[in-house]
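Novice: Keeping the supplied structure of chain G fixed, place chain C upon it in accordance with the hints.
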Amino acid sequence: MNKPGIAMEVSSDPALLGVVRGAVRCFLDAYGVPNERTAEAVLAVDEACANAIRHAYGGQKDRKFRLAMRTTERWLELEVRDSGKPAPRDKIVQKGLPEISDHSEITPGGLGVQLMYKVFDNVDFCPGKTRGNCVTLRLKRPE
Amino acid sequence: MELNQTEEAGHVILQPVGEVDLSTSPALRDAILAAIKAQDSVGVDLSQVDYMDSSGVATLVEGLKACADKKKFTLLTPSEPVMKVLKLARLDGLFRIQEQM
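Chains as they are written, first to last, in the working numbering: chain G, 1 to 143; chain C, 144 to 244.
For reference, chain G alone in the conformation it holds in the complex:
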């Protein structure tokens, strides 16, 4: 099924993350997501893109990832797809956020994944067998 939406191909350069955040903010505004919720969702999508750059591509700036923003009857879907190194399973499971006493365990990538689970209503990670990752973040459409 063809879902209405917009997609962009983005170079894996951290300097472009601000542009991505602006696009995500506009998309969520367009569908009436309240400001508070938008701010959290923008952060979580940013984390997904940052993980593609940092972990899948190991910081290489000349690769590409794709951000698709779509609507279904029930969801606003944001999908980040890269063709880099697949994320290890144990890094993408929902663990909840660390207790304060465990701060020695805090790494930006790990924190980002848990923020995605915390903010979005539905999160789907699909690392490829040999290459690529796809993460789909779904927010219930406002009534």
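These are calculated hints, taken from the structure and not from any lab test.
Ideal Cβ placement from N, Cα and C applies to all residues, glycine included.
Treat the hints with caution; some may be incorrect.
Straight-line C-alpha distance at most 20 Å; calculated EDC-like pairs for lysine to aspartate or glutamate [claimed, not checked]:
no.: 1; chain 1: G; residue 1: Lys95; chain 2: G; residue 2: Glu40
no.: 2; chain 1: C; residue 1: Lys227; chain 2: G; residue 2: Glu79
no.: 3; chain 1: G; residue 1: Lys3; chain 2: G; residue 2: Glu79
no.: 4; chain 1: C; residue 1: Lys227; chain 2: G; residue 2: Glu77
no.: 5; chain 1: C; residue 1: Lys227; chain 2: G; residue 2: Glu36
no.: 6; chain 1: G; residue 1: Lys118; chain 2: C; residue 2: Glu242
no.: 7; chain 1: C; residue 1: Lys230; chain 2: G; residue 2: Asp121
no.: 8; chain 1: G; residue 1: Lys140; chain 2: G; residue 2: Asp90
no.: 9; chain 1: G; residue 1: Lys140; chain 2: G; residue 2: Glu40
no.: 10; chain 1: C; residue 1: Lys230; chain 2: G; residue 2: Glu40
no.: 11; chain 1: G; residue 1: Lys118; chain 2: C; residue 2: Asp235
no.: 12; chain 1: C; residue 1: Lys230; chain 2: G; residue 2: Glu79
Computed list of chain C residues with no C-beta within reach of chain G, every gap over 12 Å [claimed, not checked]:
no.: 13; residue: Thr149
no.: 14; residue: Ala152
no.: 15; residue: Ile156
no.: 16; residue: Asp212
no.: 17; residue: Glu242
Some chain G residues well away from chain C (every beta-carbon gap over 10 Å; in silico) [as the list claims (entries may be wrong)]:
no.: 18; residue: Asp29
no.: 19; residue: Tyr31
no.: 20; residue: Ile53
no.: 21; residue: Glu73
no.: 22; residue: Glu79
no.: 23; residue: Lys85
no.: 24; residue: Pro86
no.: 25; residue: Val93
no.: 26; residue: Gln94
no.: 27; residue: Gln114
no.: 28; residue: Val123
no.: 29; residue: Asp124
no.: 30; residue: Cys126
no.: 31; residue: Pro127
no.: 32; residue: Thr130
no.: 33; residue: Cys134
Specialist: The following block gives chain C in isolation, referenced to the frame of chain G:
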């Protein structure tokens, strides 16, 4: 992100201005670690930060760890977006936070 720095008698205040994300947090990290090496008390004024992601949060955690128990590391007047991400990550209780300068 711009980075302002002020120093007085054993105390440094770093003030990032703008967005702290994957592209800008390495510069903040370098500045924080250099300040910790040079001084006994480091404050990071977060009042002018209008966006922070987990790489920014991890940078602050790294600063805190680098101070261990020997040096003082304080977050000063965090802006609303900064407090929000710290709370979302449940790390607001980890830091010494000074609300008023």
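Novice: Determine which of the earlier numbered hints do not hold for this structure and return their numbers in increasing order.
Specialist: 2, 4, 6, 8, 12, 20 and 27
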